[in-house]
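*Asks:* Construct the complete structure from the given sequences, taking the supplied hints into account.
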Amino acid sequence: MTTYTFQSIDVPAAAGTYTYVGVSGVDASGDAVGYYGYTDGDDDSYFHGFTAARGSSVGTTFDPPGSSNTNGVYITAGGVIYGDYVDQYNRQDGFIDNNGSVTQYNFAPNEYTVISYLDDSGNMLGSFYGGYGGVASFAVINNVYSLVDVSGSSATSASAMNASGEIVGSYSGADYYNHGFIMQNGVTTTVDGPGAYTSSLIGISDAGMAVGNYTDPSSQSHGYVYYSNGGISPFDVPGSSYTEITAINPSGEIVGNYLDGSGHLHGFTDIDGVLATVDVPGATDTGIGGVTGSGEIFGYYDDSQGHQHGFTGTAFVPPPPPPPPPAPPVDLLVPSDFNSDGQDDVLWRNDDGTMSVWNSGSINSAHWIANPGVVQSSEHVVGIGDFDGNGTSDILWQDDDGAVFVWNAGQSGSTQTLAAAGVVPDSWKVVGTGDFDGNGKDDILWQNTDGTVSIWDNGNINSAHWISNPGQVASSWHIVGTGDFDGNGKDDILWQNDNGSVSIWDNGNINSAHLIANPGEVPSSWHIVGVGDFDGNGKDDILWQNDNGAVSIWDNGNINAAHWVASQGTVTSSQYIVGIGDYDGNGHDDILLQDSSNGTLTIWDGAQPTTAHTAAAAGVVPDSWHIV
58 MTTYTFQSID VPAAAGTYTY VGVSGVDASG DAVGYYGYTD GDDDSYFHGF
108 TAARGSSVGT TFDPPGSSNT NGVYITAGGV IYGDYVDQYN RQDGFIDNNG
158 SVTQYNFAPN EYTVISYLDD SGNMLGSFYG GYGGVASFAV INNVYSLVDV
208 SGSSATSASA MNASGEIVGS YSGADYYNHG FIMQNGVTTT VDGPGAYTSS
258 LIGISDAGMA VGNYTDPSSQ SHGYVYYSNG GISPFDVPGS SYTEITAINP
308 SGEIVGNYLD GSGHLHGFTD IDGVLATVDV PGATDTGIGG VTGSGEIFGY
358 YDDSQGHQHG FTGTAFVPPP PPPPPPAPPV DLLVPSDFNS DGQDDVLWRN
408 DDGTMSVWNS GSINSAHWIA NPGVVQSSEH VVGIGDFDGN GTSDILWQDD
458 DGAVFVWNAG QSGSTQTLAA AGVVPDSWKV VGTGDFDGNG KDDILWQNTD
508 GTVSIWDNGN INSAHWISNP GQVASSWHIV GTGDFDGNGK DDILWQNDNG
558 SVSIWDNGNI NSAHLIANPG EVPSSWHIVG VGDFDGNGKD DILWQNDNGA
608 VSIWDNGNIN AAHWVASQGT VTSSQYIVGI GDYDGNGHDD ILLQDSSNGT
658 LTIWDGAQPT TAHTAAAAGV VPDSWHIV
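According to our numbering, the residues represented by the sequence shown are 58 to 685, in order.
Honestly, I wouldn't trust all of these hints.
When the alpha-carbon atoms are kept at most 27 Å apart in a straight line, the in silico DSSO-like pairs for lysine-lysine are as follows [to be verified]: (1) K498 with K596; (2) K547 with K596; (3) K547 with K498.
In short, the hints are calculated from the structure, not lab data.
*Replies:* Put into structure tokens, the structure is as follows:
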């Protein structure tokens, strides 16, 4: 879980003088802007803006010239302040303050204009009211002004825009209900929450993931997420009576607030699927209003005396990690070519420690690579990969004492120690291998019990580096495979959540994480059993098996390209997929199955059951031998 260093910010007045105080924006240097004010008994509001340099605990009043009521103050990453205010004519105007030079915006004279979004390139969004015809929105993109109007709506409100020019917001339809929308290049898509009474989108990441809020028919408030593949899912903090998403930053970090059972407000963050509650220390209520591109949060909180204060929260960055790593054996459904002939081999281990290889998956080419007793019972195969880049697979071992070593080219006589006993803490476990940097040498993927994920480049502990911090990955997420799903020559990490979600970290990078299946989209009866390039297109696919014996493949890791390769009952309850590899060297990975009831080994060439052939008949392989 991300931790924060908080800075409380007050206004130049005694505590409690103003009912409302909060931070509404932070620039890249950490300077903040915000608001303070009150509402009288007639519901008339009186507000001012403020600015506060990084580290300041007291802000300085900021009002545009001629303002009688400053309603909104925000700031871009580059420090340009913008918002809206009421002028001396009781007219609402938008404004931009660029280093003290203030420009007023009013697109409908004598009425009102609000600027809702501004970036450092001058692109902006806003809304105005013309006195008739309701609220309309506008966009200024690359210095070109245009209306943002959902066809058939009585009012349109644009909220945010991403780097690709996708605009999100809400509109009032012919049914008089509010709906969320996404607009790009003049094409509008309505996006409502599941079963929503009213909906509104309030933000969108650069990857096209949009967030918003909706009210259901029972007037319960929820957040919701729209994924770039068209999927929509509700977003509720477990156990809350109310959930509201307030912002999403360009990289997809979501923030917002929720009410607990006792009616207290808490902030939350959702970073790469890891949901965490955020409370300012000592606060009775905390409200997060937004998040910057670097992950700094901001908003307000109430203290025990009922006084409100603004705050910023800077994410704590841990010091560089110590060398990582391991643990018990993992299932090794990965290619293994120990003789570099372009055909994968099958690795076996006997209960007495003997190790054997079947070249090209053929029992006729079986040979020992270690005699009985050479391998101790405390030593376990935890991975296979070409760590030296010579085109021949190596065997990765770990001893119960923590020692990590490699048999180069699968030869016990070429053992190389990677980490001596005691160097790698017990909390680290090997969870996969892959060439994540695309240099032609496989790397070792590790995960700690605290959720930290690390890579040893080329299997070298001296090149160990974290790719996620402690607590950043929720315990509900599990690494289930590695493979090059996009065909760029760099392996990716495949994850699955307990709720059924499936995600890929491209090139082993958490910042490029993206969902390929939403929560609940994959029934719990389906299980990922391996990764391989079954169609030979240079992109790895995901192999699934159902409890009923059906087998399916997602080509290139894409759920939209999912197809069955075996129907229900094809694989019996005693048969297990125990290997994946290109055993015939034709560029298409094959599936190796073993029947636990009689030991029969079968290969499906190209992952097709119609091409199945027996690699070892029943009873040929003694029970003491096991595929590793």
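*Asks:* Decide, hint by hint, whether the structure agrees.
*Replies:* How the hints compare with the structure:
no.	hint	in the structure
1	K498 with K596	18 Å, holds
2	K547 with K596	10 Å, holds
3	K547 with K498	10 Å, holds
Hint compliance for this structure: every hint is met.
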